[in-house]
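K.L.:
From just these sequences and the hints, can you work out the full model?
Read top to bottom, the protein sequences are chains A and B. 11 is the number that numbering that gives the first Met the number 0 gives to position 12 of the first sequence; each next residue is one higher, with no gaps. 207 is the number that numbering that gives the first Met the number 0 gives to position 208 of the second sequence; each next residue is one higher, with no gaps.
If we take Cβ atoms under 8 Å as the criterion, some of the chain B residues that face chain A in the derived model are:
1. 84
2. 161
3. 194
4. 195
5. 313
6. 321
7. 411
8. 414
9. 416
Derived DSBU-like pairs: lysine-lysine, alpha-carbon spacing no greater than 30 Å straight-line:
10. 55(A) <-> 186(B)
11. 317(B) <-> 87(A)
12. 57(A) <-> 44(A)
13. 36(A) <-> 59(B)
Hints were generated in silico from the structure; no laboratory data involved. C-beta: ideal position from N, C-alpha, C; glycine also.
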Amino acid sequence: MRMNINIYSGDDVIVKAQIVSLSSLKAGESGIVYDFKGGENLLKKLDSLGIRKGKKIKKVSDMVLRGPITIQIENSSRIAIGRGMAEKIMVKIGN
Amino acid sequence: MGNPNVGKSVIFSRLTGTSVTSSNYAGTTVEYKKGLFKHDGKNVELIDVPGTYTLDPTNKAEEVAVEMLREGDLVFNVVDATNLERNLNLTLQLLEQNIPVVILLNMWDETHHQGINIDLDKLREELQVPVIPTVATTGNGLKKALEYLDYREIKEFKQRTSEERWVEIGHIINDVQQIEPKHHSTKEIMEEYTLKPWTGIPIAAVVLYLTFMVIRFIGEGIINYIANPFFTGPYQRLLMRFSQFLTEGSFLHDLLIGQLVNGQIDFEQSFGLLTTGIFIPFAAVLPYIISFYFVLSLLEDSGYLPRLAVLVDNVMHKVGLHGFSIIPMILGFGCNVPAALAARNLDSKREQFIASTLMSISIPCMAQTAMIIGLVGAFGGIYVFFVFAALFIVWIIVGLLLNYFLPGYSSDLLIEIPTLRLPLLDIVFKKLWMRITNFLKEAIPFVLLGVLAVNALYALGFFNFLTRMIGPLFSVLFGLPKDVISALLMGFLRKDLAMGMLAPLDLTLKQLIIASTILTVYFPCVATFIILFRELGLKNMVKSASIMVVTAVSVGTILNLGFNSIFTAVITMSLIFIVIYILYRLTSAKYKRIME
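P.N.:
Next up, the structure:
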């Protein structure tokens, strides 16, 4: 899923960004964790591994046949995330 | 205490001298371990607890860690210096508990390589507790840490919400840590290749192939060049002299030497305490235990296993598990006991049940595998492969069935992928030594007891009685001679011994394959049984064991009746694939239903 957002200041677009789920981010692309579409439990699990809003991440790989996604958190660890969970992590890319 | 995979267990074993299993992946320590050592004339008790990311536990192993928190007078919080930010989350939570904490900033040497600068004085100032840089693998800094054993100061910290904690951590990191902008190092690029599908899968294939070849090479090497020459040489000559001394047929001779075959001791068939009872654990099984655990320790410490978890994740989902369960499965090939323990790292009761049951059903431990290689392999290596192929098909079918019938579904994989490290040989050998002594401590009493029991039960006519009672069923369903029952009975004690009991029966190749497969599937050995009982509880243990018995009967019957000729074999194989396909579609449909 991809969706464009524009942030306005008056009539001028000051930021143009895209919000995508981690699963549809391309391998090699970087972004900033923007939001989670899951419950408390998911948030807690991700938080303990250092995945939380505002963190810069890079998608390292995307396993075939709906396998897990591996990300590198900036200045932190490399984490593999199952597809279902990755669909619930929204990432902001672009400017 | 500390996050998983930060070096707690290595520090523990350096300080106490106790060997502790540590590996380069999260979740090696599933229970706490206590160790005693003397410092300044005082006895100190050190507790090694499972790694945890928070004090708000998400699985059983983490619960153990949190429970242990109240036990100690002082907490050594081991922190990964190369990943300070995330580790500090647990540190702050610990400090908020108002208990004395000393921080061991581990992997200190790595920070220099990675261009990370940490201002120690500032960190001490911010946290208001002692911070000691350490390198667990070499033992640097641990002496310094011991100076703080009597540290009991408690700093009052106010309770924070998760969000406030991260804000605080942000401030601390800003103040104490500087990271030189990193360029993408060659090592990192190489590491990423192991995670990308088109390079990762071939790399995994090569790693697994090499693993298998090296295990076989070392195992066979020890058997052919050390164990066999010794047993058939000096040891046999010594025992023959002893046999003449005791005179054949006497009670002691039967007990210690057993039956002579053509006037000679046959280590596989004589079944005396000193002959077969010593031969099975030392000459047949130990060589493979050594080679398997040597290779496994290398794999564990290199940090490769979590990468395997990523690659097999989607296969594991089909049987209701996720990628991480490959670790209990691999451990099971060594011994089912640690594998059943490792299953508690999984996310739910359902996954723990599926993983333990599947592992007990279709993973033969190394003791049994060694005997399968010895007996079935004598006809040709390809037949050993047949046994494993049959077990793999059982694994898939039982897994699909469990996934379909058990309510619920598998959770998603979420694991840290550690950096690849060159295993430290002294730690690998320490670990190997511990696993070998564990095996000997477990195996020898049981094998000797088993040999004793076999002789006693024969003498009492119990086996004859049993054979008459259910023997006919065996020949009809499995095409096996009635005597195999006694082997199955002993398999509960030890599977390698049970395989050994098949040796004198002169089974055909097909019978051997069927018997080996049934022996793997039907029931776990008593040691595994106890662990499963403890981990799963009575009700689930009974459930799991019933599944094993039913599976064993079905598999034995199918192998016997379905593979009479090439014609029936083709039909049976096609039916098996149709069944697998239908089950696969059914479970996929179930998942779709749940997701909607």
